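Q: Listed here are the chains, written in short residue letters.
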Amino acid sequence: MSNKEIIIKTEKLSKSFSVGGRQQHVIKNLDLEIYKGDFTVIMGSSGAGKSTLLYTLSGMDKPSLGRISYCGEDITDMSDDKLAVFRRRHCGFVFQQIHLVDSMSIMDNAVSTGMLTGQKQRELKKKALGLFEKMGISEELTKKFPAQVSGGEAQRAAMVRAVINDPDIVFADEPTGALNSAGVRAVLDVLTDINNSGQSVVMVTHDVKSARRGNRIIYLQDGGIMGECDLGKYVSGDEGRHEKIRRFLEEMGW
Amino acid sequence: MVKLIKAGFRKDRAIMIVFLLIIVISTFLLHTGMLASMYPRLFDEYAEEQHPADYIIWTSADRGRIDAELADRDGIERYYSEDTVNIPALKFTTSKCTAERSDSGWMVQRLGDNVGYETLVFDKRDDSVRGKRIYLNAFTAATNDLCIGDSMSLDTPYGRFDYTVAGTYQHLIMGNSYFFVSALVDEDSFSELQEAAEKTGSGNMQIVYAFAENGINIEETMKDVTVDLRSDGSTYANGHSIELARSGYTVVVNVLAGFIAAFAVIIMAICVIMIVFTINNNISRDIINIGALRAVGFTVGQIRAALTAEFVLLGAAGSLVGIVLSYSLYPIMEEAFIRELSGIIWKKKFYPEITLGMLAGVLLMIVAATLISTIKVKKLHPSTALRFGLRSNSFKKNHFPLSETKGELNLLLALKSSMQNMGQNAVIFFMITAVAFVTQFSGLLFYNTKVDITNFQRMVQGDAPDAYVYLEDNSYESACRAIDAISEVDGVSQAYGLFSVEATAGEEEITLIYVTDPDCVYCGVYEGEMMRKDNEAVVGSSVAEKLGVGVGDEITVKYGDNSRRYLITGLQQSVMNTRIYMTDKAAQALGVNTSYDLIRVRVSDANDSRVDEVLGRIDGLSECGISETKNYYREQRSSENIPVYAVGFIVLIMIILSIATVLMVIRLLLKTVFIKKEREFGIKKAVGFTSTQLRYQLSLSLMPTTVTAAVLGSLLGYFLLNPLFTLILGGYGVKNADLLLQPMMIVISAAAVTAMVFVFSFVMSGRMKKLSAYKLIQE
Amino acid sequence: MNRVLSVKDLCKTYIVRKNSNNVLRNISFELGEGEFVTVMGPSGSGKSTLLYTVSGMDAMTSGKVDFAGKDIGSLSKKELSKLRLTEMGFIFQQMYMMKKLCIFDNIVLPAYQAGMAHSDANRRAEELMRRLGIIEISEHEVNEVSGGQLQRACLCRALINEPKVIFADEPTGALNSKAAADVMDELVKANRDGTSIMMVTHSVRVAAMSDKVFYLMDGDIQGEIELGKFDGESGLADRERLLRDWLIERGW
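Residue numbers (the numbering used here), protein chains in the order written: chain R, 1 to 254; chain E, 1001 to 1779; chain H, 2001 to 2252.
Hints listed in this document are in silico derivations from the structure and should not be mistaken for laboratory results.
Errors might be hidden in some of the hints.
[Said to hold, decoys possible] Listed next, the in silico BS3-like pairs over lysine-lysine satisfying Cα-Cα at most 27 Å (straight line):
#1 H:Lys2070 to H:Lys2008
#2 H:Lys2099 to H:Lys2008
#3 E:Lys1379 to E:Lys1124
#4 H:Lys2064 to E:Lys1379
#5 E:Lys1376 to H:Lys2082
#6 E:Lys1676 to H:Lys2100
#7 R:Lys209 to H:Lys2082
[Stated by the list, open to error] A partial selection of chain E residues facing chain R, derived with a Cβ cut-off under 10 Å:
#8 Pro1401
#9 Gly1407
#10 Gln1693
Because the structure is a prediction, the values reported are computed rather than measured.
Virtual Cβ for every residue (Gly too), placed ideally from N, Cα, C.
Model the full assembly from the supplied sequences, consistent with the hints where possible.
A: Spelled out as structure tokens, the structure:
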């Protein structure tokens, strides 16, 4: 589709679950290329396999069949521990349910993740504080536990965790699902910022407002790609963008 | 209805299985212990059936004197005086065992004579066997594995006699290793035995069986009779009441029952803690389900029932299994070794008070535990459950903030984790302390019953040398010469003589034990010290209690016509005996004709072969009149030494069961800890922690609590071992248990428990490797 | 119109580590028979708390709540449970269903519990599932169905005991627009059949399907707007626009 560098490539990717004794084929024979620097949005009707795809792409789950390679390196057969190391170096995650570790302060959630890549504690603290400030989280707030802050604040804290290791690619699974409109806006702005500084973003969402931020929308149906839409880089206030997405989704039968 | 809700709650099959097993083990142990405590009642039941005499006296006096003594005594309804042949020491071989065995204290009577009962009940009998017939009491038969048809060849001081076993019977007075043992032979054989005994000039005696009038206690009267019979200085007379006999049959088994019950109680306590812990965890895990059900309209009562139904059902089922096992296995254990301990034949029947009582007790306890652990469900508003869960740690302190604390990442995270849930830490602490306690206790007991039984054996049986040296000439001079010679032999650390006569102190009949050298004798002095001078004595606790004397008081001892006062320097623990120890010179001053027919020898650094070695050298001594030697070291530790061996065996079983429980509890504890952490692991895995890192973090996080608890539990076990034993056995005369303590064991036990926890937790968390980060989060 | 829910001066205060938080301040409103009411407001304004308090799932600090003539504050826990079981229905954003039971069992559970004969309960469940178009997932496990299907199953469960009121907390929060539309469709139909609905949402489109919207901010009802009955088909876009303007006026 373009001359951009490929960051993730899948070949005949398949993922099945055995649920209640039956095999459910969630992703079927998927060939996909994610490009470096893109803000890729994955949409589709519920049950289409969006989240599953995300987790498989990021190495959090193993494919049943097919291959995944990252910047040319095949990660399909990597051992559990090697995948963990891969994730810490290259990936950042934002989940719908936020999933911060309840028993640690917000600051510690970020710092522990940073320490994984060998960053020194003192520098980490400075870096984290800087990131938190960018997300609009005060130093006071970072000392609190995840359960003590609002949903929006927690999700933004999760974003800091996601980028503390300067990952090449940030995976976001319905990051705005649990938030109100103010929270949604804040989170999307952060993702856009991240993308603008050169990191790739792959986001799963069912919210059209969120989808607007992407430059490429992939529509998933029945475990395969039904269609794609190229939007070009996001510029705020562009009304035409919204319409383009609407029409694309209607075409897809959303 | 409850079934449906239950199906929705997550269950952990492994935990329920462990719980079931622990219930089965503890109910089995407790029930068995309670069965073993039934012997006093069994004794009474047999007594009801057989009407034994109230008092029995063995004497060398003749019928005439006996009649004269008993003529005008009040309270005696009737009495029998029967012929008996006393065989003080004998050896025998049987058709079941060709190796020669020795025994002592047989009282053989004529079949058909009154043997102390109105109704002698034979357990088995077949008069048609060939050869001279002998009928054995149940204890002797059980100990030597003899049944009808087996042949016995007795080597007695009166000659050799061969018999065929024709029957067994329960004797309630002369039927265990603490007193004489009874045997019956047919009329002709008995006459033969009597004549042979007559030729040697000793052995023929009378047994007097006295029955009291209704409600009257003839103990005092009969004691007087005994004393009077002895008053001429040459007549032997000794006796005791049926009550004393009863305690002889029941004491050791009661001790056993005490042990077993103690273990059972500890295990059951662990069980209860487990219930509370598991249910608590289940509530936390399923809190959202609980909230949803409450929202929809289910009542607190129903939810509590659903959470706990399993435990109550499994508890009931497990208890039943434990009880059935107990009833099934008890007869086997009883025939195998318990009968040897008690001498009483077990009655195979249902004991409702024990069984139903225990069942009710256990169920009550489980229900109480479940009720307590679900109290918090009552206070839970449906909204709170749904939105916040039971997470109270959100308001705790953030320990060891990573940005401030220096250290390695995994170690820091482990430390943070260990401070996280104080409630859980408390439970882990208690469980591990209990586990370490049991481990230490078991370890020390194992040491004392299998590795070095010296003190254990002493506690149960009293003074025990390493070897006996029998003398041909039992005169005092001969003995002293032999002692001097033996003491010079290389390897001998002590050689001494110890013997006894019957005497009285105050109104009490006592066994006067005289010794050549008090320093050589171990008799369990728990207060004061051994006598040194010839006007001093050490008194048994029961005697001291009866006479109301203690260390520093004087006691008057009477022998024949002589009486002397002695200063009490110490009290010794005596399980069922009434003893006074003094030097042989002190006894001579009382007119006792001291003599020793054997010398007791102790070997330095004793072990089986060394003792044999030394005995070999002793054998080589000439002019000492040594007739034979016996390696008592070996015999003590063999299965021949019934009380010690049997108790040791049972202790071994309990140790094994305890360790099994310990292992299961640790595994269970860890499982419940893990389940709570799965989501957190999933998140950390997603973020890039490797499984190995997470596993180390988990195992390390348990260490602070575990190490503290393991050390505490081991220390408790170490220091409480003897006090506990004194407590359990206090009622049986043990004033000061003195089991061997090995300080190293504290370290070993604490280290073992800690290592087990670490290893188990690391291995069990291996499950995390198999689950992808995604799956863990979803859990 | 009869009042099925009457709330007077409802206050709810949380005390967290000696700081008291007034989440609800003197709330008064009424829900009539057959009415469909929505509560909207910025996050943290207490919308969900209002729902939980009014339905008896959480205790109020002060005030009076009358549900179908019964004073909620005077009922014992047991009576409240019974009330929730037989007169109320709940659907939540997170669709709390018992994971180990199949869809059918989840739906009939409240009916069995309320004492309905099993055959009657089964029949009713089947009927509801057919009506809401999910009969084919009857035997499925909870994690085998899509979000929209699951939420419709929750609605069946909420309807099985023919409640007077359904309380819905962000029913479409986790759904895409098609699934959301399906669920709201059914909710509106249930309302037309006579069930009153009290809903919390932050989706203007969804709120526009209700009769009346309250705006809750800082624990206070700061306004209400009557939208009139939604016929399920036409005029949704207009209603949405009207509502959005009204909300923005109020600082949303």
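Q: Work down the list of hints and note, for each, if the structure agrees.
A: Now the hints, each set against the structure:
1. Our distance criterion of 27 Å between C-alpha atoms is met by H:Lys2070 and H:Lys2008, whose separation comes to about 14 Å.
2. Distance hint between H:Lys2099 and H:Lys2008 is unfulfilled; the C-alpha atoms sit about 38 Å from each other, more than 27 Å.
3. The suggested pairing of E:Lys1379 with E:Lys1124 is violated, with an alpha-carbon distance near 66 Å, which exceeds 27 Å.
4. In summary, the hint linking H:Lys2064 to E:Lys1379 is supported, as the alpha carbons are separated by about 22 Å, within the 27 Å threshold.
5. For the hint pairing E:Lys1376 with H:Lys2082, the CA-to-CA distance comes to about 21 Å; that is within 27 Å, so the pair holds.
6. In summary, the hint linking E:Lys1676 to H:Lys2100 is supported, as the alpha carbons are separated by about 19 Å, within the 27 Å threshold.
7. For the hint linking R:Lys209 to H:Lys2082, the alpha-carbon distance of about 43 Å lies beyond 27 Å, and the restraint is violated.
8. Taking 10 Å as the C-beta cut-off, the interface hint given for E:Pro1401 holds, the closest approach to chain R being about 6 Å.
9. With a cut of 10 Å, the hint placing E:Gly1407 at the interface with chain R holds, because the nearest CB-to-CB distance is about 9 Å.
10. Look at E:Gln1693: its Cβ gets to within about 8 Å of chain R, closer than 10 Å, so that hint holds up.
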